[in-house]
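Visitor: Sequence:
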Amino acid sequence: MVLTAVERKEASRRMSRQPQQPRGCANVPESLVEVKSKFEAEYRRFGLKRNCPGGFLEFYVLLRSIHRIPGTDVQLGYADVHGDLLPINNDDNFLKAVSSASPLLRIIITKKGQTEDEPLVGTTQLPAEA
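Here the UniProt record's numbering is used: the first residue of the sequence shown is 1, the next is one more, and so on.
One or more of the hints may lead you astray.
With a cut-off of at most 25 Å between alpha-carbon atoms, the simulated SDA-like pairs for lysine to any residue come out as follows [said to hold, decoys possible]:
{"no.": "1", "residue 1": "LYS96", "residue 2": "HIS82"}
{"no.": "2", "residue 1": "LYS36", "residue 2": "ASP91"}
{"no.": "3", "residue 1": "LYS96", "residue 2": "GLY47"}
{"no.": "4", "residue 1": "LYS112", "residue 2": "ASN90"}
{"no.": "5", "residue 1": "LYS96", "residue 2": "ILE108"}
Calculated directly from the structure, the hints in this document are not laboratory data.
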C-alpha cells in the first residue's frame, strides 16, 4: 500500500505522543498562565494555556478535582489587576480572567452562599438570647 504525503503526515501526527491542539488553537505559539487557586486554607498551583484555556465548565470541574471538593457547590472568583474580587461564572468572565492574568491568575474558591470575608472552618452560630 502506497501512502500519499498527506496520509503519511496524518499517520505520523496520530502516532505522535504529543497532545493535539483544539482546532481553533492551531499554529498559535503557546504561552502559559500560572494559576494559584485557594479553597479554605489550601492553595494549589498549575499552568493553563493562555491562548486556548478551554471553557468555564472545564475549568470549574478541574478546580473541584484539584482541590478534591466533588460534592460541594462552589463559586469562583479572581483577583483583577486592582485587587478587586470578580466572579467567574461563565465563559466570558473566565476568558477575561485568563487574558488579564499578569503574570499570575489568583482564583478564590468559596462555598456557594459564602463570601471570602466570612470564616470558613470551625465556626458555630451562637443562639440569640431571648
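Visitor: Which of the listed hints are not met by the structure?
Guide: none
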